[in-house]
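*Asks:* Input sequences plus hints: build the corresponding full structure.
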Amino acid sequence: MVKALFKVAWYDSIINMTHWTLSGPRRPQTSTQPIVDFSHPSFLMITTSQIPSSEITPKHIYLSRRKFLRGAGLAASAAALAACGVPAATPPPDPTPTAVSSGEVAPPQTGATTDELGDPLTPYDAVTNYNNYYEFTTDKEGVARLAKDFPTSPWQIEVGGLVNKPGVYDLDDLAKFPQEERIYRLRCVEAWSMVIPWIGFPLAELLKKVEPTSKAKYVRFQAIYDPEKLPGQKTRWYNWPYVEGLRLDEAMHPLTILATGLYGEPMPPQNGAPVRLVVPWKYGFKSIKAVVKIDLVEEQPVSLWMAAAPNEYGFYANVNPDVPHPRWSQRTERRIGELKRRRTLPFNGYAEQVAHLYEGMDLKVYF
Amino acid sequence: MFRFTRFQLAVHAAALAPLVALIWDIALGNLSVNPIQDITFRTGKAAMVLLVAALAVTPLNTVFGFRQGLRVRRALGLYAFFYAAIHLFVYVVVDYGLDFYLIWLELAEKRYVLVGFAAFLVLLLLALTSTRGWQRRLGKTWKKLHRWIYVAAVLVMLHYAWVQKSDIRQPLAFSALLILLLILRIPRIRRTITRLRSRRASKTEDKGPAFSKI
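Protein sequences, first through last, are from chains E and B.
Taking the numbering used here, I'd label the letters of the first sequence as residues 1 to 367.
Taking the numbering used here, I'd label the letters of the second sequence as residues 1001 to 1214.
Because the hints were derived from the structure by calculation, they are not lab data.
In this text, all values refer to a predicted model and were calculated from it rather than measured experimentally.
Treat the hints with care, since some could be wrong.
[Stated by the list, open to error] Label-pair ranges, simulated between beta-carbon atoms:
| no. | chain 1 | residue 1 | chain 2 | residue 2 | range |
| --- | --- | --- | --- | --- | --- |
| 1 | B | T1192 | E | V292 | 58 to 64 Å |
| 2 | B | L1172 | E | V365 | 45 to 51 Å |
| 3 | B | R1169 | E | Y366 | 28 to 34 Å |
| 4 | B | A1013 | E | V292 | 40 to 46 Å |
| 5 | B | T1192 | E | P321 | 53 to 59 Å |
| 6 | B | L1107 | E | L171 | 47 to 53 Å |
| 7 | B | I1183 | E | K215 | 46 to 52 Å |
| 8 | B | I1179 | E | A307 | 28 to 34 Å |
| 9 | B | W1148 | E | R342 | 35 to 41 Å |
Cβ atoms here follow ideal geometry from the backbone N, Cα and C, with glycine treated the same way.
*Replies:* Structure (structure tokens):
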């Protein structure tokens, strides 16, 4: 009897996971971004600034288009469910496009549904419902619900420290930076990973504006502290607010972005709205969410995780399969949606672009 | 052949509930987008809770005279082993896809894996020798052998605490419970409690109807 149950559980899990992989909710890729040319070596750094504004579709147009695509996606997954003998809970929404009126230019599409290594984007639902955001809760699936009403506007980022032109930037100011799409792998230190199409702009653009002085060596980031709105901050277990840091050259690297959205839409609160850091070659915890303060400093900042467990989390936290962690395998990772583990790549697959930053450093010491 | 009391039935149902809930959630797709980790966590938790429950049986009898529990002690221990076996199976077969080189590295590198595996080996040995036949064959050694359950429980607590990212409140709570249960087994303390209980029982009997006659 026990044996039989066990068999059923195992069998079910396999069926379920395969099924999930095949027909999981995949949000169709829509964005206002240009086609990424994979044959070009600088495909990662393509910007949209060259696109005439006339070619950028008004937001409500592409939103309605998204609605259509989402409907189509739902219909597809409903069909897949039906094929498996599971009745669909709701009928698919009317897949008629409503607002693509004549004369409007269709939004330029990335055409990209994969990262540059050919791995598919992680479905939108997974990206927005599986979040490590301890300011809300340590339950990854609970963040989206708790963050739903988190007010992200108005918002200000104070940029200061060792700079010539300190300033306060609100959301309109940030929107003035040329926004572009970046498809990045996100490797969590907990050994799971995703591929996420972020929208944002290079942090370097902002830093150039404030003009770091010659004394500035590091950048210190601080996230919002407001226990009334972020219930997880009521626990004293962590030393809030969340703080992260980068060396100035890391911060100025063209791969480092301040992200304001994902999947072509404004950043959902559970993913760090309205603006968060994304440093794709480092473990996810370096990519601090809901940033309110950026300071140029002389001394290496102490991040929240460094303070919490200095033997586990270093300042650099570069993705490195050769530096073991006491809990999670850093040699391998599970890409969300996949059954098999995959090998973790040095610098999360961005070694070519960033390894030179660490030349001559023993990365086992500076982990 | 088998005649279960209501209490026994309830215990079996409760012990199987985590498995039923897990199968239910797998079948309905209620797990997170990281389902293998969910299954690992849930089976591990079930194993730990059932192990603590098995270790609570004797102290519950000592302190409250709850004798019915003694009849489910073996079953609770076996259920704990059962969930631990699924837990390890999922880790080795589903999560690591039988990549024994990788698993070996994990075992050598990560203390939580090491103590977890050691705890499993103890539970395996105890489960294999849990039958009446082995009890007879081993005689007095059997009791000594099965005292290793205390070692397994301590290893499980370390395993649980070391696998936490930072917040170890739950492992501390379970460890505190385990320590209490183990203290109540120390022969001197156990005898004192039994003496106090029997004295109180006789007193209440003098006064009137006993409230707990078993």
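*Asks:* Now look at each hint and say whether the structure bears it out.
*Replies:* Taking the hints in turn, this is what the structure says about them:
Evaluation of the 58 to 64 Å hint for T1192 of chain B and V292 of chain E yields a pass: the beta carbon distance comes to about 60 Å. Between L1172 of chain B and V365 of chain E the beta carbon distance is about 33 Å. The supplied range of 45 to 51 Å is therefore violated. Remark: the range hint 28 to 34 Å for R1169 of chain B to Y366 of chain E is upheld by a beta-carbon distance near 32 Å. Separated by about 51 Å at the C-beta atoms, A1013 of chain B and V292 of chain E break the suggested range of 40 to 46 Å.
At roughly 56 Å, the beta-carbon separation of T1192 of chain B and P321 of chain E lies within the given 53 to 59 Å, and the hint holds. Between L1107 of chain B and L171 of chain E the beta carbon distance is about 50 Å. The supplied range of 47 to 53 Å therefore holds. Between I1183 of chain B and K215 of chain E the CB atoms are about 59 Å apart, so this pair departs from the stated range of 46 to 52 Å. Taken as a hint, the range 28 to 34 Å holds for the pair I1179 of chain B and A307 of chain E, whose Cβ atoms sit roughly 30 Å apart.
Restraint check, W1148 of chain B to R342 of chain E: a C-beta distance of roughly 39 Å satisfies the suggested window 35 to 41 Å.
Consistency with the previously given hints fails for numbers 2, 4, 7, ordered from lowest to highest.
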